[in-house]
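Colleague: Sequence:
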Amino acid sequence: MTPAQALRDAALAAAVAFGLFAMLVGLRTDIGPAGGLILRSRWAEVALLCGIVFAGRLAITLWAGRRALRATTGPTPFTLALQRLGRFVAPVLLALALLLPALPGIGRYELDIGILVLTYVMLGWGLNIVVGLAGLLDLGYVAFYAIGAYSYALLAQYFGLSFWICLPLAGILAAFWGVLLGFPVLRLRGDYLAIVTLAFGEIIRVVLLNWTELTGGPNGISGIPRPSFFGLPFNMSGDPDSFAGFFGLEPSPSHRIIFLYYLIFGLALLTNWVTIRLRRQPLGRAWEALREDEIACRALGINITTTKLTAFALGAMFGGFAGAFFATRQAFISPESFTFIESAIILAIVVLGGLGSQVGVAIAALVMIGGFEVFRGLDEWRMLVFGGAMVVIMVLRPRGLVGTRTPSIALGRKRAISGDLVGEGHG
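In our numbering, the protein residues as written are 1 to 427.
Worth flagging that the hints you see were computed from the coordinates, not collected in a lab. Careful, some of the hints might be misleading.
Now the in silico label distances, taken between C-beta atoms and shown as ranges [what the hints assert, rightly or not]:
| id | residue 1 | residue 2 | range |
| --- | --- | --- | --- |
| 1 | R277 | P184 | 41 to 51 Å |
| 2 | Q330 | A389 | 22 to 32 Å |
| 3 | D293 | L27 | 47 to 57 Å |
| 4 | G371 | L98 | 17 to 27 Å |
| 5 | R87 | V392 | 18 to 28 Å |
Note that the Cβ used here is the ideal one computed from N, Cα and C, for glycine as well.
All chains, please: the whole structure from these sequences, using the hints.
Modeller: Structure representation (C-alpha cells):
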C-alpha cells in the first residue's frame, strides 16, 4: 500500500471515529446551577481521540504493508521469544499465586481481586476445552456457570448439604445439562452452533428469572451457606469448634478470605491438570482432530457424537464448579449475575490468550480482569483506555498471546508450529 493510500485509509478511520465519538464523548449532560440539566460539549477530547485513531491506523497500515510474507510453517521470531519467555512466566505466576496472601502489603482488596481473577481463569480453562481444543464455538457458557451456582444454593438451603458435598453435585448437574445441549447441536457448525448456544444461555437466564417459586426470580437467593474448613466454621467467636479456636489463632475475618482464595486456586489447578492429562489421551487428540477437520475426523473412524458430548460435558462441569464457588463466596445470587456479557468476557479471555493454550488463558484473565482494576483511577476513561489496549494486543497478536501449538503427540521431537496453521473454534 502506497503512503497516499495509507493516508486515505487513516482519514477514513478518523471519520468513522468522529461519527462514533461525536455523540458518545463530545456531548455530555451535567447538572446546572439551577438544578436542571445542561448540555456540555467536549470537542477537544473528540479531536484528540480522532487524532489517536488516525495515527494508530496509519502506523498499523504502514507496518502491515512492510511485513514480508515468509513461506514457512514455523513461528515468527517474536513468537519464539515469547515461547522462551513462557517457560519462566508459568512457574513465576504459579509461585506468585501460591504466595500472594503471605506477601507484604496484600490486604482484603488484593485478595478479592485475586479470587476474581482465579475464578475467570478457571472459567476460561473450562471453556478452552470446548472452544480451544474441540473447536466448538460456545456463546452460552454462562448457562453452566449459573446452573452450578443455583444447584449449590438450592441443595445447600433445602437439603442442608455441606459445601464439599454440593460442589461435585453442582458439577455433575452442569455436566448433565452440557450433554443435553450437546445432543441438539451435533449436526451444527460455525455460526449456527454459536446461535444455538447463545439461545441456550438466554433460555437458562429467562427460566431463572421467571421460576420465582424455586429460584426467587429477580430477587435471587440470599443467605447461601458459607464453606467451612472440614466442619470448622469461620467466625469471630473463638470457640473451640471454630477455625480460629481449633488452631489457636486470633479470630480474624481474613481467615475466610484466605481460605476462599486457596479454594479457588486449588479448583483452578484441578481444572488445568485434568485438561492437560486429557489432552494427551486419545480423547484429547480426538478433540484436536475434530477442531481441525470434522469430515476427516469422521473418515478416521472417530465417534463424533461421543467426542462432542464429552467436550460439552467436561467444559460444563468445570463451569458448574466455578458457579458453586461463586455462590458460596457471594452468599447471594440472582439472574443479573449470569448475563450474556459474562459469556462474552470468558470467550474473549480464551481468544485473547490463544485457543488451546492454558498459559495464554491464564495471562489473558490476569490482563482482562486484573488490568481493568488497574485503570480504575481513570474514571470515565477507563473503558476507553482498556478497550484500546485490547485492540492493540489483538492487532499485534491476532491469534492470541500464545499463538503457537505444540502437538500433543509426535513421532520424534515435538516442534511448535505457527497458530496460523491451526483451526480456530468455529465449529
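Colleague: Next step is simple, just say for each hint if it's right about the structure.
Modeller: The hints, checked one at a time:
A hinted range of 41 to 51 Å is violated for the C-beta pair R277 and P184, which are about 29 Å apart. Restraint check, Q330 to A389: a C-beta distance of roughly 28 Å satisfies the suggested window 22 to 32 Å. At roughly 51 Å, the beta carbons of D293 and L27 sit within the given window of 47 to 57 Å. At roughly 21 Å, the beta carbons of G371 and L98 sit within the given window of 17 to 27 Å.
For the hinted restraint 18 to 28 Å between R87 and V392, the CB-CB distance of approximately 25 Å keeps it satisfied.
Hint compliance for this structure: hint 1 is the single one not met.
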